[in-house]
Amino acid sequence: MKDTPAPAPGAGPRRPGAAALTALGLGAAPLSPADASPHSFPDGGSWRTEVPSVEGPEALGVVLKESARLDVPVHRVSQGSGVWMLSDAEITEMVEGCAERDIELCLFTGPRGTWDTGASVRTDSGGAGLRSRGHDALAGCVEDALRATGLGVKCLLVADEGVLWTLHRLRGQGVLPADTTFKVSALIGPVNPASYAVFEQLGADSINIPSDLTLAQFTEIRRVSRAPMDLYIEAPDDLGGFVRMYEVAELIRRGAPLYLKFGLSRAPGIYPYGQHLRELALATAKERVRRGRLALDLLARHGADGDMAALGTRLPGPLNRFEISS
21 MKDTPAPAPG AGPRRPGAAA LTALGLGAAP LSPADASPHS FPDGGSWRTE VPSVEGPEAL
81 GVVLKESARL DVPVHRVSQG SGVWMLSDAE ITEMVEGCAE RDIELCLFTG PRGTWDTGAS
141 VRTDSGGAGL RSRGHDALAG CVEDALRATG LGVKCLLVAD EGVLWTLHRL RGQGVLPADT
201 TFKVSALIGP VNPASYAVFE QLGADSINIP SDLTLAQFTE IRRVSRAPMD LYIEAPDDLG
261 GFVRMYEVAE LIRRGAPLYL KFGLSRAPGI YPYGQHLREL ALATAKERVR RGRLALDLLA
321 RHGADGDMAA LGTRLPGPLN RFEISS
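Residue numbers (our numbering): 21 to 346.
No wet-lab data here; the hints were simulated from the structure.
It should be emphasised that the depicted structure is a prediction, and the values quoted were computed from it without experimental measurement.
One thing to keep in mind: the hints can contain errors.
Okay, derived cross-link-like pairs now, EDC-like style, lysine to aspartate or glutamate, Cα gap no bigger than 16 angstroms in a straight line [to be verified]: (1) 174 to 120; (2) 174 to 86; (3) 85 to 108; (4) 174 to 122; (5) 306 to 86; (6) 174 to 108; (7) 85 to 120.
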């Protein structure tokens, strides 16, 4: 059986199984132009890529090697264990490795949730979630931000609204470099348009939304905010394990500007990372890149792989912010 050809130029992306289903009288309803996002990255691109859970220099080396071998474009790599879990030498090595390929490096800030003295997040109610508890945890996040940016890191991951606002104010004052970007973690991802817009106003430059939001909810968010979305196309099990490979083209159409995150379901957790988890971290890093190749191949088969933002781009463009008082 021959592969179904990609659509002719100008015909628009091919929807999965469209011709075969239409012939059986089971064709999908037409897409509405009103559902499409009117936004893009500054260069006009609709999507970028991210490889998450890259926990140190060795895992980064695996990602760089595998992405070159499989021809997977990478705009950003992110780490989940935290700045404080890396030595200065390790951070510097990661900064230099990413700079050689013009990839943005994003490191997580400070104590959060169960990684301090609190345990309410383990209760049935979830407590305060994975936020930073008390002044000391806030201070730890600020310390991490200062240390990381001092070593050349340009993107910081946050899981607390107060930490985000504090770091945004420090960026505004010049304490943190003006081109530092802040990424909101999936651990506190907003689930409605109002909360998404609030994160943008608090200083977020990209915002991870939960992978179980509906297509209609993507459109609702895009009607109030142009801040880039981060989305696990395949989510880790502790975030639901959702797999949305066949929806990628439509997710881009509705969610642009969008980071496609290549997560991995059915894999043990590796946070906080240490050498005792080395083999697992390296194996999963390699497989995340392969999952990225599969997603990009699917986009190509459907004629929807155009409009990728240029490699090396990282800034989000103009965003709405709350006024920072002096």
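Results of checking the hints against the structure:
1. 174 to 120: Status holds; Cα separation ~15 angstroms.
2. 174 to 86: violated, 24 angstroms
3. 85 to 108: violated, 23 angstroms
4. 174 to 122: holds, 12 angstroms
5. 306 to 86: holds, 6 angstroms
6. 174 to 108: Distance ~15 angstroms between residue 174 and residue 108 Cα, so the pair holds.
7. 85 to 120: With a Cα-Cα distance of about 12 angstroms, the restraint between residue 85 and residue 120 holds, given a limit of 16 angstroms.
Going down the numbered hints, you'll see the structure goes against 2, 3, while the others check out.
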